[in-house]
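Protein chains: 2
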Amino acid sequence: MIRLGILISGSGTNLQAIIDAIEADTLDVNIALVVSSRPDAYGLTRAEAGGIPTLALTKSDYEYPIAADERIARALQLAGVDYVVMAGYMRKVCAPLLTAFPQRIINIHPALLPSFVGAHAIADAFAYGVKLTGVTVHLANEEYDRGPIIAQRAVEVEEADTLETLEQKIHAVEHVLYPEVLQLLAQGRVRIADDGRVAIL
Amino acid sequence: MIRLGILISGSGTNLQAIIDAIEADTLDVNIALVVSSRPDAYGLTRAEAGGIPTLALTKSDYEYPIAADERIARALQLAGVDYVVMAGYMRKVCAPLLTAFPQRIINIHPALLPSFVGAHAIADAFAYGVKLTGVTVHLANEEYDRGPIIAQRAVEVEEADTLETLEQKIHAVEHVLYPEVLQLLAQGRVRIADDGRVAIL
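Chains A and B, in that order, give the protein sequences. Using our numbering, the letters of the first sequence map in sequence onto residues 385 to 585. Using our numbering, the letters of the second sequence map in sequence onto residues 385 to 585.
Okay, chain A solo, but in the shape it has when bound (with noise of 0.2 Å):
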């Protein structure tokens, strides 16, 4: 089975959405480690009551970003873990975890890239009006909101809708395509390219 690490800053809905799927027997990972940014994140109360272990990060770690990356590329690494999954991790991820996991950092982002990448593409997206809006689950890589795309989901954008609504929708979808994507890792059905292109079996 393949193990996960999953890297939050907050409260970790999605991490809770990747626990339930396991649960419910339909994600089949291993979670070996949960990360934290933030000692005072919710997500590791979370994890810590689905029995999982847990490294949290202060703020005076991430004075060093590259010793802060380097000190999460060697616990993930102790742990075992397969994959690196971004849950609304809200640090940059650096060349020692790049470099230590390549092409293995998985990242959501709440919108269809490459259209509003940055950190408020919800409030973005409905700024500027479009129709079509959704979720995006994509390879990590040095270029921020740019790596290669495993899976992307529309959300509309409804008359009715504000932007607490729309946030909603776009939270729900991500907490059912992370699972779903993780389980077509799990089952060795993602394909990526030396080239970074991503198929799916």
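Keep in mind that the hints were calculated from the coordinates and are not lab data. None of these values were measured; they are calculated from a predicted model. Hints are not guaranteed to be accurate.
No copy labels: a pair is met if it fits in one copy or bridges any two.
[Unchecked claim] Below, in silico cross-link-like pairs of lysine-lysine (DSS-like), each with a Cα-Cα straight-line distance of 27 Å or less:
{"no.": "1", "residue 1": "K443", "residue 2": "K553"}
{"no.": "2", "residue 1": "K476", "residue 2": "K515"}
{"no.": "3", "residue 1": "K515", "residue 2": "K553"}
{"no.": "4", "residue 1": "K443", "residue 2": "K476"}
{"no.": "5", "residue 1": "K476", "residue 2": "K553"}
Go by the hints and put chain B onto chain A.
Only chain B this time, still in chain A's reference frame:
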């Protein structure tokens, strides 16, 4: 019944989809004039077969783009056109047309804007490796491919797709979506605010 002026440059498959929808009684508009940027566009033949008046410009007309657009705008106004519909029109729409038909020039783009602007949207999306692309109907304004969005529809990029099959799928969606959006216009269900924001009633 609203009157459309349709701008084409080539084979006119979107024009044909609009003509077919009118004949099938699913689209309640009159096509008052078809304007082609090329005298040899096959779309002119389609228009003539449908008994629709045509105006064909030549390459030399576009040596003076402002004068060309003044001439087009005048012809459209004389024909009593309410909305101008770009259907594979490969020329930029300039100030005289934008001024004559403010917020009333509609374009269709073979991608989910704001992703993949420009003239090679399908190929660009395919090369990027997106798993979801689609079609956008939007208002044309001075910023090309950046006008307010009226409607969007998704198209999945499947593993078996080649650029050619993806092009076919996207064009098939265009031929459904464009008449649908024009029917919303015909029914007065597209509200365009002064700031350009579009609501479907």
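Hints and how they fare:
no.: 1; hint: K443 x K553; result: neither (31 Å within a copy, 49 Å between copies)
no.: 2; hint: K476 x K515; result: between (30 Å within a copy, 24 Å between copies)
no.: 3; hint: K515 x K553; result: both (14 Å within a copy, 20 Å between copies)
no.: 4; hint: K443 x K476; result: within (13 Å within a copy, 52 Å between copies)
no.: 5; hint: K476 x K553; result: within (26 Å within a copy, 37 Å between copies)
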